[in-house]
Amino acid sequence: MIRTAPDEMAGLKQGEGFLSLRGLTRRYGPFVAVDDFNLDVAKGELVAFLGPSGCGKTTSLRMIAGLVPSSSGHIVVNGREITEVPPYRRDMGLVFQSYALFPHMDVARNVAFGLEMRKVAKADAAARVREAIAMVRLTGKEHHRPSELSGGQQQRVALARALVVRPSILLLDEPLSNLDAKLRDEMRNEIRDIQKRLGITAIFVTHDQMEALTICDKVVVMNHGRLEQVGTPLEIYEHPKTAFVAGFVGRINRLAGTASGGIAEAAGVKVAAPGFTGPVEVMVRPHRIVLSAGAAPAGGDLHQLSGTVARATFAGDILEYEVEAGGVLMKTEAATRGGETVHAPGTPVTLSWRPQDTFVYTAS
Amino acid sequence: MSAIALPARSARRIGPTGVVMLLLLPIALVNAVGFLWPVVNLLRMSFKETQATGALIDTVSTATWATVLSDSFTLDLIANSVGVSLFITLLTLVASYPIALYLHRSTGLWRTILLVLVIAPLLTSAVVRTYGWIAILSSQGLIANALLFLGITPPRLMFNLTGVVIGLTEILMPYMILALLSGFGRLDPRFEEAALTLGATPWKTFWRVVVPLTAPGMALGCLLCFVLAISSFVTPKLLSGGRVFLLATEIYDQAIVTLNWPVAATLSMIVLVLFGAALALYTRALRRIA
Amino acid sequence: MTHELKFGAVKRNTVKLGAAALALGLLTQAAAAESTVTLMAYSGLFQERYTKAVVEPFMKAHPDIKVTYFPVNSSAAMLGNLRAQKAAPQADVVIMDVSVSKAGTDESLFTKIDEANAPNVKDLYPTARIPDVAGVAVTFDNLVMLYNSDAVKEAPKSWMAMADKTYQGKVVIPGMPDIQGLSLVIILNKANGGTDYLKDVSKGIAAMVEIAPNIQTWEPKPEVYAPIVTGQASVGAGWNARAQVNNQTSGGKLKATIPQEGTVFQINTINLIANGPGGDAAKTFVNYALGPEAQKAFTESMFYAPTNAKAPISQDALDRTAVKFMDKVIPVDWIALAKVRDAIGEQWRRRVVPASR
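Chains as they are written, first to last, in my numbering: chain H, 382 to 745; chain D, 268 to 557; chain X, 17 to 373.
Hints are computed from structural coordinates only; laboratory data are not their basis. Some hints here could point you the wrong way.
To be verified - Simulated restraints, written as ranges between beta carbons of each label pair:
hint	chain 1	residue 1	chain 2	residue 2	range
1	D	L553	H	A515	30 to 38 angstroms
2	H	P433	D	L384	49 to 57 angstroms
3	H	A515	D	R378	56 to 64 angstroms
4	D	L384	H	E465	21 to 29 angstroms
5	H	A515	D	T429	57 to 65 angstroms
6	D	L381	X	S59	35 to 43 angstroms
7	H	A507	D	T429	33 to 41 angstroms
8	D	T379	H	R547	42 to 50 angstroms
9	D	T429	H	E512	31 to 39 angstroms
10	X	D358	D	I403	31 to 39 angstroms
11	D	I380	H	R632	23 to 31 angstroms
12	H	E512	D	L342	52 to 60 angstroms
Glycine included, each C-beta is placed from N, C-alpha and C at the ideal position.
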């Protein structure tokens, strides 16, 4: 399903993806914003484009929408090549970070705009507008101006406006970034629910790994214009293909080490590193580390590292430690169950984790 | 908080309203001295009379008003001035809008250069610019020669309404562009992108999104240019060849050549009323489009 | 640009500024001379020539009197200044068009000039004394037909040459309410059999309607002479004095002639401002300005015809004035004419201007 190798149109068979990107590239002079992007999205999937700012995720989305012309490559939707089609004939629904609601129109007219452009019959359009406004729970606000609505309400109007035209693909450009934390969680689930109910194919651009992991079927991690990894949230989190993905999605501890003969050694810990030689980075997520006081009991097949507590943070639902071990600060965290001892700084401790929780990458 | 303490406090301090009043005082004074007082004088002058020789008669009578208002020429003047000014305003808007839009969207050094180019004409007097147009539009000028070269007999481009319209349009364009720019604040490119993705063609996007969003700027620019057009006399005087009768040039003639100050003052008051009408129209339009 | 309209206000302000500047000037000059006379008269060429021909020689002859020239660009603007200063005049003497000085007289702005306060009045031509005007004529000028000597080889014989098809778009005439346009109406009215211009000018208007289609502009700027000198226009109507000066400065490009239908005089009067600060020195200056010496000098400098019959003008200068053609001068009562000027202007606007479109 996922093609990372360059592909040609000849290799594009119908049904491979509802949306297919082939070698999609955008250059600004010598700068390559998006480099050889290949992707297949199945019908009804919600796909996240995840990455730090400037990674090319928004440019990719805008190329799909037709707002930014591609330098090379192809965009195919439902078997129809749309690379050269102007945005107003692409049949996409786009939701902007800044909502981009027309300030001179009320809610109903904003939502009706796309239908009007498609010359949908008045009565039919009115019914669909009513339905769309009801879907985003804004019935009664039809005649409010956008400026009279809260951020969350405005974003819901934007969603209704994009969806009322029944676009082939829904594009969401950081739709939650301008909302406060509580509203963000609410909207996130609302978007997911609506998307599933309508069965619409959607692309969700975000820099927030939580958003990407929690609601998307598939996550595309991008960095410096290049695709780093495509996979389900579970694959991305549990099997990050690159050091960048491992570091960007979730929190992680990094240990510098050296590999030879299939074994990497970092801070005195030996981990399996088949195929690696030379400097490597060994990584492990904080909550996969078990912290125990005192010297290590012989841990069987667990990786172990001794150190002393540098800082302990009790955060109610979790207990965090920073442990000075092997010349670096290792972070650990564990859900509290009640009755834990909080080890004071200076306490000697042992950190243990399972080999399958250990990632090894060639040091960059 | 005792009720007795309050008056004592407000007596020592100037309340926020007081501060506002104090800050408004200088401009109020300037307005009173520089605008209201002259207007009152003009109003007073319009109720005087002149002898046939031009000598002022210091009376209070409505004779001048009666003469001016019963003269069909006055009505012609008003209709002509309003019509010509509206036409010039419209032409200025059409000519300035694309420039303003382009300027609004350009950035960096290029934008600065363009802005300077737009504002530069304002640093030259209208008289000098009008003489520039005379050089361009005259029967031996640039345009006439270019047309002759193409084998076309050039029409009369100045010393008529055409010249007045061309000259005033160019002279008013910087004002219009600046007014439009000041009103383009709401025009975020995201709105246009939203319209495009919703299926609006660029043409539809322009009319349904860009035009309504820039309407306040257009209204302001039109008000400004209409007022400037109807009150300008240097350019019409130089370019009309005496063939176009406008309120402002008539006021000039009455005041400076014929020496009938009461008539000039009466016509000036009529222009002031037209300003008021334009302002009222603008306020109403703004309430509808904002 | 909007403030152009509120000319009343602007005028008043400039007047005050001017008055302040004037007052300052007066203070500094008071130390140098015993008394100061402020002369208000036309700006530009007139100021330049009048200062050289009259003001400077006067000061040489009267070292105790200093004359300050306060230039204003039109008679109407001068009257505006005088009205604003009525309570406390800043000027003593004003040279302006006769119809404007009549208005000033009616507004009691002037002191009557006669033999008692200016003995040279006795030598003036009878036409220099205008009934019901406080001042007396100081210069005579007359309307002339102007032509560009490159475009027009032979001096036109008739004003109606301006209606000739060959001059289409090449005729410049300062139209009404300017008195040059008015003067032309009166000349053509008489030429076409009109009798009393105060009662009926329809024949003159009809003649103007014939000329109108050829008109390039009714508002030649800065004056009517420039477009003829440059060749932008071929023929036109203007005042003789300036035409003569332009003839000299243009090396003969602009020429002036009095056609067979004749001409009319334009009169500038000199007026003594009531309660001016200069006192008797102002009368001394007025008398000098009317005297043969000043009249001769200014005529020979700018070719206004003299108003003093005893001024010994050189033949060369006389040839450039209307003095030789007195038979061609149609008498005009500018004071009476002022009363019907609006009515004539109305006909001009309704018939002549539309014919020029």
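Structure-inconsistent hints, enumerated in ascending order: 2, 3, 4, 7, 9 and 11
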